[in-house]
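Peer 1: Here's the letter readout for the chains.
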Amino acid sequence: MIGRHPLHTARKRQQRETSPALEIGRNRLLFTGAMLAAAFAVVALRLVDVTVLKGGDEPAIARSAAPTELRTGRADIVDRNGVLLATSLKTASLYADPAIVLDPKEAAAKLSRVLPQLGEAAIAAKLKSDRRFVWLQRHLTPRQQYAVNRLGVPGLNFQTEERRVYPGGPLAAHVLGHTDIDNRGLAGVERQFDEELRAREKPLRLTVDLRVQHILHEQLERAMRAFHAIGAAGVVMDVTNGEIVGMVSLPDFDPNLPTAIDADSRFNRATLGVYEMGSTFKIFTTAMALDAGVVSMSGGYDATDPIRVARFVIRDYHAKRRWLSVPEIFMYSSNIGTAKMALDVGPAEQRAFLSRIGMLRGSPIEIAEVGQPLVPNRWREINAMTISFGHGLAISPMQLVAGVGAMVNGGVLYPPTLIRNESGSARAGKRVISARTSDQIRRLMRLVVEHGTGNKADAQGYLVGGKTGTAEKVMGRRYKAKALMSSFIAAFPMNAPRYVVFAMLDEPSGNKETFGYATGGWVAAPVVRETIARIAPLLGVRPVDEQAPEIRRHVAVDVVTEKSGKRRLASF
Amino acid sequence: MIRRATVMVTVVWMLLAMAAGGAMFMLKYRVQALEERLAAVNHDIVRNMEAVHVLKAEWSFLNQPARLEELGRRYLKLDAPAAGRIVTISEIPFRTAPAAAPQKDAPAPRGMDTSPQAADQVTPRLATYRTAQ
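Sequences listed follow chains Y and A, in order. Residue numbering for the first sequence is 1 to 572, as defined by the working numbering. Residue numbering for the second sequence is 1 to 133, as defined by the working numbering.
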């Protein structure tokens, strides 16, 4: 026991002395092991993550690498049938780094042979400048680029850029507008939808039909030449939804050459110009009076004597000097009768009505160029009378077209639009007159074309109805005699209207064929006739037999010619 | 014994590792080659798309209504249709009595034959088609 005891104590002592060191060693080993294990675990986890969870990188590359659509900096614009109206094409622009150009003089001489429009001296001046970057020519044609490359002049380089191209040239100029050299929209749809066009990939689809646009353009241009007018405008609108199928303003411009556009060509007479529309306004006055119930189709007014108010005299252009019924007032375009009709309704009512059909605010059409109407500050009786036949209130043709659309389509006003509704849902309209009034207006408009001032607009088979409008232009503070705004607004087919067609000539002069007349019925109505005759087949409107009884039922009017209402002219 | 077994196992593992490495190496090169091809094909697609894009613009340019109208007038003697010329199929009267029975063994004309004789042959066939309905 004694012998063992010291040994025991010694071992114990030894144990007590060595155990801390061992402990530390073990702990360190454990710690290192744990760290290594953790590191391996991380590697293993990452391995699982990379190989199993992510599915590898390659399929992602394969998927992302397949380009489905070509991205351009600006989306295309197409017409309602998908015909390309505007697109962006890649072009090369030539620039120079003057520091690298060895011999500016020689380089300029060589370049001016390939690009003669730049001028040798101008090129030399640019190549001698101290800057490190000068544009020489933006948007070269591929042939020019090849020629410049062949010169082999050091210091010349190409930058790939995009250029807006309008294959149709001036055909839809005022609808599309144009862009500047850096592809920023400056007018028309290009300006209104500038940001959207940059952002979107799919083409922007307009409501315009290029074929209709062409026909309208051609007819207006022909009339403008024939009557030596200084300008013209035309609009075709689908009355069932407010879609603008054609819109032309002349003179126009080529959007491919934005630097060559002058102010007169840039001016959009269809939306930006505001004009006193003249007798076409009688459509609104008559509809208002019929809808308010102040007069019926068999009622009428005495139009024997001109109306004298203050220093104004309201007289008739085609004076009949007798009592006229409502259809007669409309057919003979009597200012006196229409003014009395407006007075019966009252100035306040008239203002409210015109406001309801959008005559007192700029058109909601989606382009930048929208003119604000010129509305009188105080709406007195004299204003009510002159406005009733389209004087004293200046509006844009687009407002007129939208308003007349509502008068004939059953009484629902649709805001005019240029952008095709891709969702397929029907556009929301606002009822402004009753369906019955609209039916009466249709008959009256047909009457004007069949027997009144608008007979030159009668495109056989398409049941055209319309109203002439001739207004003297305001120059400064007075009316300028002999300077007319001659217009015609029509709808067809009148038994169930589909389209409104508007044509206007700015300062036409009569010629031999029109016996010197330059009024709407002589100069603008034929434009409408020719346009309708050609666009109707394209728009799917079938010609009908205008004398067939089932058609007559929809367009015939009983015209009363005497106040007693007893004697009737054969029903028109 | 044990040592030989260990050596065997080591050798096997080494061979396996070498095989894996080699396979990996080969695979990597094949993938690289495929990626290069993919990039080339994609580049080609983009180039062709650009070409198509340009051609679309040109197509639109060549299909301008004014140009088509002019070409139609010059080569086809086509003009704008008047309202009276537009009728539906059902409004076209059919010939009451065909002059001759349709010749079944007649050779099929190449292209569209618009001669009056051709019309004679077509009308009865159309008529029989209609009655068959």
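No lab work stands behind these hints, which were simulated from the structure alone. Hints are not guaranteed to be accurate.
Below, in silico cross-link-like pairs of lysine-lysine (BS3-like), each with a Cα-Cα straight-line distance of 30 angstroms or less [as the list claims (entries may be wrong)]:
hint, chain 1, residue 1, chain 2, residue 2
1, Y, Lys456, A, Lys56
2, A, Lys28, A, Lys56
3, Y, Lys512, Y, Lys456
4, A, Lys56, Y, Lys90
A short list of chain A residues far from chain Y (calculated; beta carbon distances all over 12 angstroms) [claimed, not checked]:
hint, residue
5, Val7
6, Met8
7, Ala17
8, Ala20
9, His53
10, Val54
11, Phe61
12, Arg67
13, Leu76
14, Lys77
15, Arg85
16, Val87
17, Phe94
Nothing here was measured: the structure is a model prediction, and the numbers come from that model. For every residue, glycine included, the Cβ atom is placed at its ideal position computed from N, Cα and C.
Peer 1: It remains to establish, for every hint, whether it holds in the given structure.
Peer 2: Outcome of the hint check:
1. Lys456/Y to Lys56/A: Roughly 41 angstroms between the alpha carbons, so the hint for Lys456/Y and Lys56/A is violated.
2. Lys28/A to Lys56/A: violated (41 angstroms)
3. Lys512/Y to Lys456/Y: holds (16 angstroms)
4. Lys56/A to Lys90/Y: Holds, at roughly 13 angstroms.
5. Val7: Label holds. Min Cβ-Cβ 26 angstroms, cutoff 12 angstroms.
6. Met8: Holds, since 27 angstroms exceeds 12 angstroms.
7. Ala17: holds (16 angstroms)
8. Ala20: Ala20/A is indeed farther than 12 angstroms from all Cβ atoms of chain Y, at 14 angstroms.
9. His53: The assertion about His53/A is violated, with a minimum of 6 angstroms to chain Y.
10. Val54: Val54/A not clear of chain Y: closest Cβ-Cβ about 6 angstroms, inside 12 angstroms.
11. Phe61: violated (4 angstroms)
12. Arg67: With a cut-off of 12 angstroms, Arg67/A comes too close to chain Y, as the shortest Cβ separation is near 10 angstroms.
13. Leu76: Check passes; 17 angstroms lies beyond 12 angstroms.
14. Lys77: holds (17 angstroms)
15. Arg85: Violated, because the least Cβ-Cβ distance between Arg85/A and chain Y comes to about 9 angstroms, which does not exceed 12 angstroms.
16. Val87: Incorrect as stated: the minimum Cβ-Cβ distance to chain Y is 9 angstroms, not above 12 angstroms.
17. Phe94: Since the minimum Cβ distance to chain Y is about 21 angstroms, Phe94/A lies beyond 12 angstroms and the statement holds.
The structure fails hints 1, 2, 9, 10, 11, 12, 15 and 16 (numbered hints given earlier, in ascending order).
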